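Chains as they are written, first to last, in our numbering: chain A, 1 to 297; chain B, 1 to 410; chain C, 1 to 361; chain D, 1 to 305.
Hints were generated in silico from the structure; no laboratory data involved.
Among these hints, one or two may not hold up.
Distance condition first, Cα-Cα at most 20 Å in a straight line; then the derived EDC-like pairs of lysine to aspartate or glutamate [claimed, not checked]:
| hint | chain 1 | residue 1 | chain 2 | residue 2 |
| --- | --- | --- | --- | --- |
| 1 | B | K304 | D | E159 |
| 2 | B | K304 | B | D315 |
| 3 | A | K17 | C | E72 |
| 4 | C | K334 | C | E313 |
| 5 | D | K129 | C | E72 |
| 6 | D | K292 | A | D106 |
Quick caveat, the model's predicted, so the values are computed rather than measured.
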Amino acid sequence: MSQNGKPSGLFKNLSAKIAAIPMVLTALVVFVGCTVWTIVFSFTNSRLLPRADWVGLAQYERLWGTRRWLISIENLLIYGSLMLILSLVLGFLLAALIDQKIRFEDGFRTIFLYPYALSFIVTGLVWQWVLNPEFGIQNVVRSLGFGNFTFDPLYNPNLVLYGVLVAGLWHGSGLVMCLMLAGLRGIDEDVWKATKVDGIPTWKTYIFVVIPMMRPVFVTTLVLVTSGIIKLYDLIIAQTGGGPGLASEVPAKFVFDAMFVSQNLAQGFAASTMMLVAVTFIIIPWAYLEFGGKKNG
Amino acid sequence: MTSLKPLTFCLLASTAWLPAHATNLEVTHWWTSGSEADAIRVIAEAFAESGHTWVDGAIAGAGGIARPLITSRITGGDPMGATQFTHSSAMRELIESGFMRDVTELAQTQGWKDAIFPQSLLDSCTFEGKIFCVPSNIHSQQWLWLNNSVFIDNGLDVPQNWDAFVAAAPVLRENGIIPLAQGQQAWQQQLLFNVLMVSIGGPDLFERIYREREPEFAAGPEMSAVFVAAGEARDMMRGSNIQEWNLAAQLVADGRAAGQIMGDWVQGEFMQAGMTPGEDLTCLPGLGVHQYITAAGDAFYFPKVTDPDVIAAQDILVGTIVAPETQLAFTKAKGALPVRLDIELVDPTPCMQRGMEILSQGNVVESVNTMVSPDTLGRVTDLVVEFFADTRFSVEQAQAEFVDIIASAD
Amino acid sequence: MQSSVSIQNLKLDYGTVSVLRDLNLEIGQGEFLVLLGSSGCGKSTLLNCIAGLLEPSDGSIYINGQNVTWAEPSRRGIGMVFQSYALYPQMTVEGNLSFGLKNIRMPKEEIRRRVARAADVLQIEPLLKRKPAALSGGQRQRVAIGRALVRDVDVFLFDEPLSNLDAKLRADLRVEIKRLHQKLRNTMIYVTHDQVEAMTLADRIAIMKGGVVMQLGSPNEIYNRPANKYVADFIGSPSMNFFETTLSRGAEPKVVLAGRDVPLATYGFVRKDFAGAVWFGIRPEHILTGEAAASAPVRFEVCAELVEPMGSEILVWSTLADTSIRFRLDGQEKVATGDMLRIGFDPARASIFDKAEELRV
Amino acid sequence: MADTVIRTQHASHAHAAGPRPRPIFSRRNIIIYGVLIVLALYYLLPIYVMVVTSLKGMPEIRVGNIFAPPVEITFAPWVKAWSSVCTGLNCDGLSRGFLNSLKITVPSVFFSIAVASVNGYALSMWRFKGANVLFTILIIGAFIPYQVMIYPIVVLLREIGLYGELSGLVLVHTVFGMPILTLLFRNYFSSVPEELFKAARVDGAGFRTIYFKIMLPMALPIFVVAVILQTTAIWNDFLFGAIYTRPENYPMTVQLNNIVNSVTGVKEYNVNMAATLLSGIVPLSIYLISGKLFVRGIAAGAVKG
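If we strip away everything but chain A, and leave its shape as in the complex, we get (with noise of 0.2 Å):
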């Protein structure tokens, strides 16, 4: 609001200011901060102090050289998409099944968020068990009978990170629920009204009138969603350690070991920043749709 040297312009608004002074901090000195720190230690060969030795890009070479972090990112991917998607149409399908006036809606609704109160530690914890071949799922069918059943999806490098997804999407779909389910009753009744007077159909009224309406739904829980995916590291610790051989490592967790267990910062500080230019890239153009254009600009 305050503009080109007004009579008062710097007083203008002081105490707006002032509480800002909290978030500007944390995104300028912390953010900012520490990501630069990051950014500019990864140009050294710190092992497990921060030291000004540096060495160019030789860790960003080896980074790239190395199979596990290769590995990595192709997980992220997949399981990143995966886990978006599905816990979008999960998330919705749950809201759009409970929105339909049901009874025990409460009940349901509760069942289905409560994993969101409980730490991915626990998350993976309890599904590292149902899902274990010895004792969980498939012990429990052969015991019925079919000696042959197999279901060992942590135990299948070519499984193991549906596995984890189904950990991920029980953990958090509910939240997606809620933020869909709030928005669908947000909608117009007139809308509904609308589609039935036209003769279209409830799922083309839900695809092409309805989620289209949901937008900015959609983008808090992609903001949600996304974040926690690349984020993603506790579930993987508690469900499958990174295993079997590397088949379920993510980028989260290859940082965290680089810098912790091989002691090697600056190669984890590396691995960081290539994450953090990633969602830089995602992030911005985003960010310039939402806000540049609007009349708060």
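Given the structure of chain A, go ahead and fit chains B, C and D onto it with the hints provided.
Okay, now just chains B, C and D, sitting in the frame of chain A:
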């Protein structure tokens, strides 16, 4: 369980009835399981007799959680009074940066040079001629544990070395038994690989590769034999779909698997499952081939602090850890070997006796942790984890990649 | 007369878009000024600038002789009423009324007195303990007016206050606002896009377009002598009929309409010597029919193409000189589509604008 | 209130398709409830396993399958998990961490929400220069894996002298909660009519008065959402709690980790599961109690433009 007052009560009470010089000494460690907690309690109680207060900072999960936490605390300028850490070059940077306290003086007055055995333990603690840590116990890794009844029930002799074990594997497999049970966690697979290296390749190869970092040895025929053995282990492990080592031990104890390669701490697990070492359970140090063990163990480090009271408390803890009485009770509780020879073990199992024998013969190899950086070890770990998980990963390719890692190791 | 609100060279730009361009306006003490225009014309922006809710890029605003260009809204001696009422939902009516007074730490006694007076004036005493959610639209807007009233200020600003109400309530409240103005005699600046409100309430109307005032004048002036084609078109419903033609000045000024001369001797010219292409405008209500048409100075015969009976009157659509026109018949007339009708008008009531600049001739 | 209105009106569309009365076992209902029940099983299975396991004795766990109901119900694992399981040297179970968790969660939730709500309010209502850039940076911040920040934050906290202090941890939670919470509040306040803000300014209310007297009372639904999200996140946090505090302040999750994550020794699954459930009781009950408010709060504007 000995009744120990809850910490809060201790803290409150300490101001009330302990002597004025009583100091809180915060000790971090990752010994959280039952037997480990019993063991640390021995030290804590011995320490508490001095009138100081032990503030327990237990954090489970050695590599992933406790280590970053401990280093963060030290570098963050809020160090604990003392911390458990494995002998390793991991600590070296902290020492180099002057974060850690030099305990050489205490070592001299307490005569560690004569008391501590094997001396390599002290070597690991030494940096530029000064001693920075107190070894507390020894764990050895190079053990193959076999369930005797599994072999006998299947009409086989209990193998006495790796080759015999490999030969028995097809029969076991036919009868639906997993020959080798191993947890899938990365550290266990790394342990397995390095055990194979010491036991199949021999201690000389091990040290040549890791200490001298000679790529030609890594590419040589002895190392090829190690990788062949690793390939055999990979086949024998197929079907042991578990994460934790204690579950692997359970498979062995249940007779669903025949054997496991794991450090001496697993013995407690077998005994808990009702097996008697020497009767139901065969233990083969060095896989029955090269009977060498690593004398690596745990140690306590002391961050540099300025508070003289805390320094005094640190002094007392140093003395407590190496004192023979503490060593006796502590290692017994932990199922580990003591760091000094002048201790008579009470009721040692045949396996522990065998371990002591090997130690006293000096058949000791240095731990891989002290020879290469965690970074290099991490790369080796990544390689073997991938190798053990993927049957299409050829022995030759694995060895070639191993050579690369050793060539650039530090 | 000392002006109550004076706006001098006011400019407001959002980046490259100018919303207000060099605007000057003098509003007299006790005057009721209506800012009228279609959406996006800058009328609300101007009001927000006067209120201090938007900061202008350049120029100055005086209220009661004080330069308030950069003053806080609350320090300007204004009260404001919003389209959406903007009542604080969690406060009672009383709380809403007293909020502003509490903010300046007025003594409780005085607050009570003022709230009581405002409630009395607006007849909302029974509602004082209710929350806004429990009020009807009309009641809410009354409370919103009351909120401006208690501040005891010289200038009232209304930002489309009646737009959210239904037609009947709107008419009622409109009258009430007019009464209020007569009673209080404060300066009122009223933004609307509804010309009926503007015509009925205003002492003067400022018609705005694209950030400039197109015409400022009394409702009568605006209606009868629009300064430009935009104003002429904007005011009046249905809007003025326009014909493209040429103004020639021979012996006497005239235009040609449907092949017939329309003499303009009686027309009140602003520009006495203008000649050339013009828009010739005549309001539908100034087109005479029936007997009146017979005696009109200019007469035509047209065909009724579309008939819209509205009760009190009938609106007829027709074509004259290749231009679609509208005019009114008395509601009692019998007319059907296809009927031929005689029409006529007095050129003195017409409005003529030059084609180039669309300004009154 | 508005929500219920919308719901009933809205719900009518579902039954508006035809004039004939719908039987309870209509094909449509069977499909809807069928799908819901199948999905509910997926969501319930893990907690069933947790509860059942926590009520079994160890011998039963070793032999039986994890889905079988307990032959002999025992609450001993719960008692042990709460009051006597060893987490390192201290054998008083999770109970020692409970108070600490409260001490961490309550101020962290309070401050993070206080700061974020002011942020959202300032961003949406006062729109100072650079607000959008700032907000974009915050949103990018939401995507940074926490692990990356551990080290710089240590240095930062050390420099301002809060390392190891409870207040330092509260600060960390406030900082890391800020992106998502600010997004929530900003969206919510953006949906508040601008005229209300203008009216308040004409009424002489400043930044603070408008926030406390007008916006705060209006924003209760979104505060509920924020409290639920933050309580869950902070209560379940382990990493920050362990790294940025001292042992006397360790939250319950550190004890949980010590119980569950012990590398060596015998695993008592029943105790693990009981501990897991115990540590989750606070966020779980918050969801059970206020699940309805949660949806309503989100509907009230958290997801609007």
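Inset, instruction - Quick one: which hint numbers does this structure break? Sort them smallest to largest. - result: none
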